[in-house]
Amino acid sequence: MRPLTEEETKTLFTKLVEYMGRNVERLINREDERHCFRLVKDRVYYVSEKVMKASTTISRDDLLHVGTCLGKFTKTGKFRLHITALEYLSQYCKYKVWLKPSAEMSFLYGNHITKSGMARITESTPQYAGVIVYNAHDVPLGFGVAAQSTDKCRELEPMGNVVLHRADVGEYLRGVEDDMF
Amino acid sequence: MTPSTAGDKDKVDDQGVEGDVKRNRERMNAEDDESSKSSKSSKSSEEYTDDDEEASDSSDQRQQTNGIEVANRRNVLDVEVDRTTRDGMNECSFDLRNLLAINSHQVSIKELYDFDTNMGNASDGLCTISLPSVPIKVNEDHLLQKANEGMTQLLSALWKLPTERSDVGPIASLPTFFEIKIPRELPPPPPKKETKWEKFAKERGIGANNEKRSRKVWDEATGTWLYRHGYQKANAGDSQWPIMEVRKNDDPYEDPWERERDAKRSRVDKNLVNRMKNEERAGTLSKGAANRAFKEKKAIREKGREGGKEKIPSGLPIDLATGKKSGNIKPINRGKELTKAALLATQRSTASLGKFDAMRDGEPERLKSNRSAKKRKFESATDNSVVRTEAERGVKVLNSVISGGGRAKELEVRKGKHARGETAFDYDFDDGLGASSYRKKKVRNVLSFCLETLAHFQQKIVMKIVTHNLSYLSLLWSNLQIQIIRAVPVLAK
Numbered sequence: 001m002r003p004l005t006e007e008e009t010k011t012l013f014t015k016l017v018e019y020m021g022r023n024v025e026r027l028i029n030r031e032d033e034r035h036c037f038r039l040v041k042d043r044v045y046y047v048s049e050k051v052m053k054a055s056t057t058i059s060r061d062d063l064l065h066v067g068t069c070l071g072k073f074t075k076t077g078k079f080r081l082h083i084t085a086l087e088y089l090s091q092y093c094k095y096k097v098w099l100k101p102s103a104e105m106s107f108l109y110g111n112h113i114t115k116s117g118m119a120r121i122t123e124s125t126p127q128y129a130g131v132i133v134y135n136a137h138d139v140p141l142g143f144g145v146a147a148q149s150t151d152k153c154r155e156l157e158p159m160g161n162v163v164l165h166r167a168d169v170g171e172y173l174r175g176v177e178d179d180m181f
Numbered sequence: 001m002t003p004s005t006a007g008d009k010d011k012v013d014d015q016g017v018e019g020d021v022k023r024n025r026e027r028m029n030a031e032d033d034e035s036s037k038s039s040k041s042s043k044s045s046e047e048y049t050d051d052d053e054e055a056s057d058s059s060d061q062r063q064q065t066n067g068i069e070v071a072n073r074r075n076v077l078d079v080e081v082d083r084t085t086r087d088g089m090n091e092c093s094f095d096l097r098n099l100l101a102i103n104s105h106q107v108s109i110k111e112l113y114d115f116d117t118n119m120g121n122a123s124d125g126l127c128t129i130s131l132p133s134v135p136i137k138v139n140e141d142h143l144l145q146k147a148n149e150g151m152t153q154l155l156s157a158l159w160k161l162p163t164e165r166s167d168v169g170p171i172a173s174l175p176t177f178f179e180i181k182i183p184r185e186l187p188p189p190p191p192k193k194e195t196k197w198e199k200f201a202k203e204r205g206i207g208a209n210n211e212k213r214s215r216k217v218w219d220e221a222t223g224t225w226l227y228r229h230g231y232q233k234a235n236a237g238d239s240q241w242p243i244m245e246v247r248k249n250d251d252p253y254e255d256p257w258e259r260e261r262d263a264k265r266s267r268v269d270k271n272l273v274n275r276m277k278n279e280e281r282a283g284t285l286s287k288g289a290a291n292r293a294f295k296e297k298k299a300i301r302e303k304g305r306e307g308g309k310e311k312i313p314s315g316l317p318i319d320l321a322t323g324k325k326s327g328n329i330k331p332i333n334r335g336k337e338l339t340k341a342a343l344l345a346t347q348r349s350t351a352s353l354g355k356f357d358a359m360r361d362g363e364p365e366r367l368k369s370n371r372s373a374k375k376r377k378f379e380s381a382t383d384n385s386v387v388r389t390e391a392e393r394g395v396k397v398l399n400s401v402i403s404g405g406g407r408a409k410e411l412e413v414r415k416g417k418h419a420r421g422e423t424a425f426d427y428d429f430d431d432g433l434g435a436s437s438y439r440k441k442k443v444r445n446v447l448s449f450c451l452e453t454l455a456h457f458q459q460k461i462v463m464k465i466v467t468h469n470l471s472y473l474s475l476l477w478s479n480l481q482i483q484i485i486r487a488v489p490v491l492a493k
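Chains as they are written, first to last, in the UniProt record's numbering: chain X, 1 to 181; chain B, 1 to 493.
Mixed in with the good hints there might be a few duds.
Keeping only pairs whose Cα atoms sit at most 25 angstroms apart, straight-line, the calculated DSS-like set for lysine-lysine is [what the hints assert, rightly or not]: (1) X:Lys53 with X:Lys96; (2) B:Lys277 with X:Lys78; (3) B:Lys336 with X:Lys78; (4) B:Lys374 with X:Lys75; (5) X:Lys10 with B:Lys196; (6) B:Lys196 with B:Lys330; (7) B:Lys277 with B:Lys298; (8) X:Lys78 with B:Lys298; (9) X:Lys10 with B:Lys298; (10) X:Lys115 with X:Lys75; (11) B:Lys377 with X:Lys75; (12) X:Lys41 with B:Lys375; (13) B:Lys377 with X:Lys41; (14) B:Lys415 with X:Lys78; (15) X:Lys10 with B:Lys375; (16) B:Lys417 with X:Lys10.
Keep in mind the hints are simulated off the structure, nothing from the lab.
Whenever a hint applies, use it, and build me the whole structure from the sequences.
Laid out in structure tokens, this is it:
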């Protein structure tokens, strides 16, 4: 377990900024307890300071997870967000998409969202911005990347992709990666 | 001593007694209807020689319920079978190499099984099979005595062997041969098949190379005795010296060392092929294996040479690529990328990694070989100094990311917009036209191409179209001159 280097912090924040924008600062500077980012093997964990200090008593081989796993760094140094980060993303995100009930299952199976499945989208979403996907009852289902900006979405054909799937809550059951959890 | 001779010895010694015993037994066996089984077992038991007399318990008589046999059995019991030699012991035969004493004399059943006590238990007193209900006691002392006798005799025989003195006492040297011959465990090796040469030599009566070759041979050049084969072998120098004579029928432009190496390789290959063919004839290899292995070899060797199909040009720097399927080596010319990479590698190919080498004109900057592997300062996860400053540093990084440091910047860096003008490459001549913005198009129609380019660069170009039979076209660019565009119509000839 170690803190992130400058480079790694930069990569991480670049990714988070896509979804949250300035709100990343809320993650860094919290009012209640101080939280920090720590790296265990290749994974980035967002963990409170108290828990982090306690976890240093556990040996490296036996320590699996600490706090919340935000994602992991791939071999080439890119950062990939995991579904486990949804909790914080959904709190601070800027751009949201609401799904129709009919399209919910499709998204939970890992498919992209088509225009016919989308109920609402926040205004002025730029293209390729990070987007949180909610269902009709305002429950966060996952996140993705806006394939088109909001204006272009209006002119899109019904079967065109509006949100490219990145992670969804169904992955907990589907088990997409072996070493995810 | 083989088992049969042991039996013979018995016969020779005491013909009468043994003969009586035998005759009795034969009578017994003849009278019994199911005699085959027991006769075999009794005969085998008689001839069965084992380590110690204890095993000659196999001379156990099978129980026979016939009344007549019982009477005969009593006769057998009464006969004294022991042959006493000296000291009341039976004479043993020895296999000293195995440290073995064989007492092949018959065991006295009367003494072995104490029938006086057992008689009362058994129905007829002659059963020697011990049942849980009717236990038969074996006279252990008798057995022990017999073992004792055998041991004594063995030791006395060993003492008779030739001894030699040593620091641990007298050591007897055992005979070099085994008395008892044990049969083979594994089948004998198959006879060797004849090779082609051996067959030929047999036919022609050519004897085997009787005279053994000496290991060392006199070498003229060094004036010493050198080994006939191997490293620094005798008389090998002719092809290894830097000067080789051109012989009469020789092509003077041929590489003589190449020729030598070729000749050596083909000799080695030929030898190998012949060996493989011999084995094919013998049957240890599948037919055609030698051919398969060597058919391509020579062709491949020729191919890689000058004059072969895959000619590798000399003088030009080339990188060699292997075709994965065929394994052929194809030369590919270095393009810009590979040349750059080669230059980069060359720059640091000195002992001090290019640190003290003078720079030439136009040479790009020297990069360290593994720039990404920078040494990191160790930061403890829980150190207070780290934890407290973490938030500030994080905010700093975040600000830099938000203010134009993020994804967009990465893309720009990749496109080259943030390149610093410090290397020779950055001082390329810039004619202001923006070469990268001009995209080449395939020229289908010469005239239309000219018109298109004309439309693209309306102000600044001068185009000269020179045609020789439709084949040659050249374009001159100048950003200073504005000239009349002349499009010469293409004349077909």
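Now for the hints, and whether the structure bears them out:
1. X:Lys53 with X:Lys96: Violated: X:Lys53 and X:Lys96 sit about 35 angstroms apart, past 25 angstroms.
2. B:Lys277 with X:Lys78: violated (60 angstroms)
3. B:Lys336 with X:Lys78: Cα-Cα ~29 angstroms, so violated.
4. B:Lys374 with X:Lys75: holds (17 angstroms)
5. X:Lys10 with B:Lys196: This hinted pair is violated, its Cα atoms lying about 78 angstroms apart.
6. B:Lys196 with B:Lys330: This hinted pair is violated, its Cα atoms lying about 42 angstroms apart.
7. B:Lys277 with B:Lys298: Roughly 18 angstroms between the alpha carbons, so the hint for B:Lys277 and B:Lys298 holds.
8. X:Lys78 with B:Lys298: violated (51 angstroms)
9. X:Lys10 with B:Lys298: violated (60 angstroms)
10. X:Lys115 with X:Lys75: violated (35 angstroms)
11. B:Lys377 with X:Lys75: Measuring from Cα to Cα gives roughly 21 angstroms; hence the hint holds.
12. X:Lys41 with B:Lys375: holds (18 angstroms)
13. B:Lys377 with X:Lys41: Holds: B:Lys377 and X:Lys41 sit about 18 angstroms apart, inside 25 angstroms.
14. B:Lys415 with X:Lys78: holds (19 angstroms)
15. X:Lys10 with B:Lys375: Satisfied, since the Cα-Cα distance of roughly 18 angstroms is no more than 25 angstroms.
16. B:Lys417 with X:Lys10: With Cα atoms ~20 angstroms apart, B:Lys417 and X:Lys10 stay inside 25 angstroms; holds.
Hint compliance for this structure: hints 1, 2, 3, 5, 6, 8, 9, 10 are not met, and every other hint is.
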